[in-house]
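Let's have the full structure, built from the sequences with the hints guiding it.
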Amino acid sequence: MRRFWIRVVPLLPFIVLAVAFAVAVYHIKTAW
Amino acid sequence: MTEGRAVDPGQGRPGPATIAGTGSAPSAMPGLARQGFWARHPLLQEFGCQQAPIIAVVLALGVAASYLQHGFLVGGDRPFPLAGVVVPLWHLLWLGFWTGYTMALVGEATGIFSLPYTMSILRFDSVHVSPTNLVITLINPLGALLGYRRERQWNLDFALWPCLGSLLGSQLGPFLRVLYLTDPRPFKALVGAALFYLGAHLVWEVTPWYLGKRAAQRAFAERFRARARELARQGKLPSGIPEGAEIRTLERSWRRIRIGFLDQEWAMSVPLLLAIGAGVGVVASTFGVGGGFLMTPILVTFFKLPMYVIVAATIPFVMVQSVVGLVSYMVVVPALTGRYEPPEWAFGFFVAASAVFGAWLAAKTQRYVPEAYLKPVAGVVTGLGGLLYLLNYFVELPFRV
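Chains as they are written, first to last, in my numbering: chain Z, 1 to 32; chain W, 1001 to 1401.
No lab work stands behind these hints, which were simulated from the structure alone.
Note that CB positions come from ideal geometry on N, CA and C, so glycine has one too.
Chain Z is nowhere near these chain W residues, computed Cβ spacing over 10 Å in every case:
#1 1057
#2 1275
#3 1390
If you want a taste of the chain W side facing chain Z, the calculated C-beta under 10 Å gives, among others:
#4 1086
#5 1087
#6 1091
#7 1095
#8 1097
#9 1101
#10 1106
#11 1122
#12 1361
#13 1368
#14 1369
#15 1370
#16 1373
#17 1381
#18 1400
Okay, structure coming up:
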């Protein structure tokens, strides 16, 4: 479990940025 | 932005429950069992005791502000009355989290990221966006501030002068915004210039030239990291700060202030600190951001301060300038010009609540995040956004920004 987190945590900011981009595109497509 | 990373404010000496629980055998008594649980999960304890109450209070303020200002709970199908846009509540919480998290990881605060996202993605680009963003920048550093104070990463003699400077500067900024920058296009161009500068700086920070020039600050930060690793090996929460160490005032007068931390000292001109506070205050309150993105590199350039010492001034500065800016938008500007531009309070509170959580998570995980990759990515995204805003002012783009 600890090794899993050590592998995931460094990727977390990039995952967050990717999700933010996806959410922004979703908002543009649905709300504009 | 010296090393790009704020020192974790929440880490440090074990709290009372941790001390009580350490080494105690499992007990049938529920109280002791609880202490044992907290001792085994210091992160959960820290979050539950320090951050969660702040987040809960700010969320409650958001709900209260929503009903008091508009008479209904915002974030549903009805548009925000002042912003004029429909944004679901989950999107506000997500905005606060991701901007708070990523910006804290690269040594910044939420404001300078949440402002362009709010304007360009959520389409909230009226004057109200600036005071609304000030609500976010006021609350976002709260969790960090309490941690820094507890850890004595705190020096009011040093923080006083930039804060006093902002009392003047942050009064003026809202006048510029309300009288001359109501049109989103020139306003976005100015924000674009700031974003482009910030993006370029983030990329610049990982280049060998920058790292070579900042060798002294890197050595200072490395001492903390070495101590943190040592504490972690001993099974303690790694703060990297020697017990009892504090930022001391060695000399203070109207002309000069001298502060010391560990075996280093820095002398600073008080009029210069005042002028920096006033200048950054004008820019920050005009935009509706905290001002840390400008204040930090200025303090690094003028006084060669390490990040650990800089946050002792920038965090109080950001909060004071946000309050002064808000008062100016709500009281001073209407009194003198008749233009009343209040914030969307609930919008600000909801974003700020999750930004507090994002910043805390960043402080806990930043040791594991590859700075050399993240800073260029964040820098390119920020710089490109800024470039689009600037281009949009001079030429007609095929899409709206």
